[in-house]
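Asker: Sequence:
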Amino acid sequence: MTRAARARSLAVLAIAWATLAAPPSARAQDRLKIYISADMEGVTGVVTGDQLGPSGFEYGRFRQFMTREVLAAIEAARAAGAGEIVVSDSHGNGENLLIEDFPPDVRIVRSWPRPLMMMQGIDSTFDGAIFIGYHASTTNPRGVRAHTMSSANLAAVRLNGIEMPEGGINAAIAGHFGVPIVLVSGDDAAVEEVSGLLGGIGEAVVKWNSGFHSATTLTPEAGEAVIREAVGDAMRSIAGAEPYVLETPITVEITFKNYLPAEVLSYLRDVERADAHTIRYVAEDMLDASRFLEFIGTYEPGLSP
Numbered sequence: 096m097t098r099a100a101r102a103r104s105l106a107v108l109a110i111a112w113a114t115l116a117a118p119p120s121a122r123a124q125d126r127l128k129i130y131i132s133a134d135m136e137g138v139t140g141v142v143t144g145d146q147l148g149p150s151g152f153e154y155g156r157f158r159q160f161m162t163r164e165v166l167a168a169i170e171a172a173r174a175a176g177a178g179e180i181v182v183s184d185s186h187g188n189g190e191n192l193l194i195e196d197f198p199p200d201v202r203i204v205r206s207w208p209r210p211l212m213m214m215q216g217i218d219s220t221f222d223g224a225i226f227i228g229y230h231a232s233t234t235n236p237r238g239v240r241a242h243t244m245s246s247a248n249l250a251a252v253r254l255n256g257i258e259m260p261e262g263g264i265n266a267a268i269a270g271h272f273g274v275p276i277v278l279v280s281g282d283d284a285a286v287e288e289v290s291g292l293l294g295g296i297g298e299a300v301v302k303w304n305s306g307f308h309s310a311t312t313l314t315p316e317a318g319e320a321v322i323r324e325a326v327g328d329a330m331r332s333i334a335g336a337e338p339y340v341l342e343t344p345i346t347v348e349i350t351f352k353n354y355l356p357a358e359v360l361s362y363l364r365d366v367e368r369a370d371a372h373t374i375r376y377v378a379e380d381m382l383d384a385s386r387f388l389e390f391i392g393t394y395e396p397g398l399s400p
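In the numbering used here, the protein residues as written are 96 to 400.
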């Protein structure tokens, strides 16, 4: 071997050694960072409360189905270049996902309250966000279990005059940090509503609503396959995705199903009673709006500990 050839070989070995010796964070800098917010009403097969909470006879099985749909999204995201992934368990008590089934390097946000609600843990370091198992809004006449934040208490939530599904509120929180939503999964009404509001995002329809408590659904295995394929497609176009950003300040309007919440909340200095059932609050930005919405949904005098 000539001296020049030997020098080239040594240079190649040095570069290879430097690459291997670099810390994992340095080697993974080119990997995408993805946030996944998971609800349950939009999961394959869900139609009633029997699947949605600990008292439902099917809840244990559907926790597994919800977990598998999120895992399908993770698998597809990683195949398309995702490295770090954070998952928000965003349904009910926030303790639905079977965390022992997740890869050890995935972080999971659980339980409540959270200042950023269903988007807790997101920040400007993420490249994109995915919505799994989402449902339509409370003002949508279609959709399985359609509601916004609280099916029992709220009749509408508007940001800057726009009727919002939970997917819109959460997209605006992500947009505050410059993070685009790349995909939504759920029933046909939910996917149509969120995609229509945000525009140009991936869609994964796993069931077709025929009423508030009825749908024609794929099987869990088929639903996972739809999500896996849709996430893969969405990830390949993530570079062109645009965040959903609302103009600030943000006018938050909340319409309650009952009179009394609107009356009492209007006693707060910065809250205006817009009509018998509606309050209005002007937030500095989406972080402020999110904290206000979380307060509305969580506070009660008997909170403990």
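To be clear, the hints were calculated from the coordinates, so they are not data collected in a lab.
Predicted, not measured: the structure shown is a model, and the values here were computed from it.
The C-beta atom is built at its ideal place from N, Cα and C for all residues, glycine as well.
Some clues are possibly wrong.
To be verified - Pair ranges (Cβ atoms, derived): (1) E190 to Y394: 14 to 22 Å; (2) A174 to E316: 16 to 24 Å; (3) G176 to T311: 44 to 52 Å; (4) Y354 to A320: 41 to 49 Å; (5) G216 to P400: 19 to 27 Å; (6) V377 to S206: 50 to 58 Å; (7) P208 to Y362: 36 to 44 Å; (8) S206 to S246: 18 to 26 Å; (9) I194 to L355: 14 to 22 Å; (10) H308 to T393: 22 to 30 Å; (11) E190 to F152: 26 to 34 Å; (12) D370 to S246: 17 to 25 Å.
Asker: Just tell me: holds or violated, for the beta carbon distance of Y354 and A320 against 41 to 49 Å?
Answerer: Holds: the Cβ-Cβ distance is about 48 Å, inside 41 to 49 Å.
Asker: Please check whether E190 and Y394 have a Cβ separation lying inside 14 to 22 Å.
Answerer: holds, 21 Å
Asker: Does 14 to 22 Å hold as the CB distance between I194 and L355, or does it fail?
Answerer: Cβ of I194 to Cβ of L355: about 39 Å, so the range 14 to 22 Å is violated.
Asker: Do G216 and P400 keep their Cβ atoms within the hinted range of 19 to 27 Å?
Answerer: holds, 23 Å
Asker: Taking the Cβ atom of V377 and the Cβ atom of S206, is their distance within the range 50 to 58 Å?
Answerer: violated, 30 Å
Asker: Is 18 to 26 Å a correct range for the gap between the Cβ atoms of S206 and S246?
Answerer: Holds - the Cβ-Cβ distance for S206 and S246, about 20 Å, lies within 18 to 26 Å.
Asker: State, for the Cβ atoms of E190 and F152, whether the hinted interval 26 to 34 Å holds or is violated.
Answerer: Violated, at about 18 Å.
Asker: Falls inside 22 to 30 Å, the C-beta gap from H308 to T393?
Answerer: holds, 27 Å
Asker: Can the suggested window of 36 to 44 Å be confirmed for the beta-carbon pair P208 and Y362?
Answerer: violated, 21 Å
Asker: Quick check on a hinted range of 16 to 24 Å for A174 and E316, using CB atoms only.
Answerer: 18 Å Cβ-Cβ, so the 16 to 24 Å window holds.
Asker: Go ahead and decide if the range 44 to 52 Å is satisfied by the Cβ distance of G176 to T311.
Answerer: At roughly 34 Å between Cβ atoms, T311 and G176 fall outside 44 to 52 Å, so the hint is violated.
Asker: Given the hint of 17 to 25 Å, is the C-beta distance from D370 to S246 inside that range or not?
Answerer: holds, 21 Å
Against the hints set out earlier in the document, violations occur for numbers 3, 6, 7, 9 and 11.
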